[in-house]
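Q: Spelled out, the chains give:
Number of protein chains: 2
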Amino acid sequence: MDDVDDEVSFRRATQRDVDTVVSLLADDELGRVREQPGDPAYHAAFAETDADPNQLLVVAERAGEVVGTLQLSLLAGLSHLGTKRAQLEAVRVRSDLRGLGIGKRMCEWAISVARQRGAGQIRLTSDRGREDAHRFYERLGFRVTHVGMKMALD
Amino acid sequence: MDDVDDEVSFRRATQRDVDTVVSLLADDELGRVREQPGDPAYHAAFAETDADPNQLLVVAERAGEVVGTLQLSLLAGLSHLGTKRAQLEAVRVRSDLRGLGIGKRMCEWAISVARQRGAGQIRLTSDRGREDAHRFYERLGFRVTHVGMKMALD
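In order, the protein sequence lines correspond to chains F and D. Residue numbers for the first sequence follow the working numbering, beginning at 621 and rising by one. Residue numbers for the second sequence follow the working numbering, beginning at 621 and rising by one.
Honestly, the hints are just simulated from the structure, not real lab data. Hints may be right or wrong, so weigh each one.
[Said to hold, decoys possible] Computed cross-link-like contacts, PhoX-like style, restricted to lysine-lysine with a CA-CA straight-line distance of at most 20 Å: (1) 770(D) with 724(F); (2) 704(F) with 770(D); (3) 724(F) with 704(D); (4) 724(D) with 770(F); (5) 770(F) with 704(D).
Small disclaimer: the values here were computed from a predicted structure and weren't measured.
The following block holds chain F by itself, in its conformation from the complex (with noise of 0.2 Å):
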């Protein structure tokens, strides 16, 4: 157990996984209020992120056993000299695997497909109140450069 990078594997999400991904999602303090697992809308919000050649929602394999999901999205444009950018969100590790360094293998993959696929930079947002989360991707490499700023729109 004290090296989980042989263990685990990548690859993309298919619409078989939604169910999957939605419970890890759900199965988080802040996920549990906010996600309704079943819901239909999920499996439409799967085809529409699948279809976008710059979102790449991936699910890490252990044991032939769905064990935790993330995000990439890859975005182009002007600033900074024209860098692409990648951007990490939805990283969820199955929360009775927690701590066992599969959450670090899982962004350490993201940040080399980031590499590979040409960005310059790599960035995520981490809710304010989980400090927890900021250490985990300081160690990674990661640096507090901004406040992350949102509106609900109706």
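Given chain F's structure and the hints, the job is docking chain D onto it.
A: Below, chain D alone, put in the same frame as chain F:
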């Protein structure tokens, strides 16, 4: 001058706007050091941005002149019941025209486009030190909810 709403119009940027957009990005304390107007990399980055139907690079015009720019990205995903998110960035108003309400008009336009395109949330990140910008976005209805983290990739 008390109402710029009717004076400012918006259109998708074209290859011919690239130099103007770059000059707007560079016309700023942080942009000055990180942009290099005239570099051919911007034209390649424009082509990639423009080819992505979920990226909208926009110029704002007033009296036939480009006075501002912004980029709006649309991101599908499963989180929050499959809510599509809009992301606003690279918002710049020509420095000699700041304080007239053009930036507010541009952001309100971006919010309305995000709604039209089916986004249930709009978000942005703003450099930690830009407190004036945070207040500006708070007045538009944004709330600071997250920290924004980055890492450069070699």
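Q: With reference to the structure, classify each hint as holding or not holding.
A: These are the hints, each one checked on the structure:
1. 770(D) with 724(F): Judged against 20 Å, a Cα distance of about 16 Å means the pair holds.
2. 704(F) with 770(D): Holds: residue 704(F) and residue 770(D) sit about 13 Å apart, inside 20 Å.
3. 724(F) with 704(D): Measuring from Cα to Cα gives roughly 27 Å; hence the hint is violated.
4. 724(D) with 770(F): This hinted pair holds, its Cα atoms lying about 16 Å apart.
5. 770(F) with 704(D): holds (13 Å)
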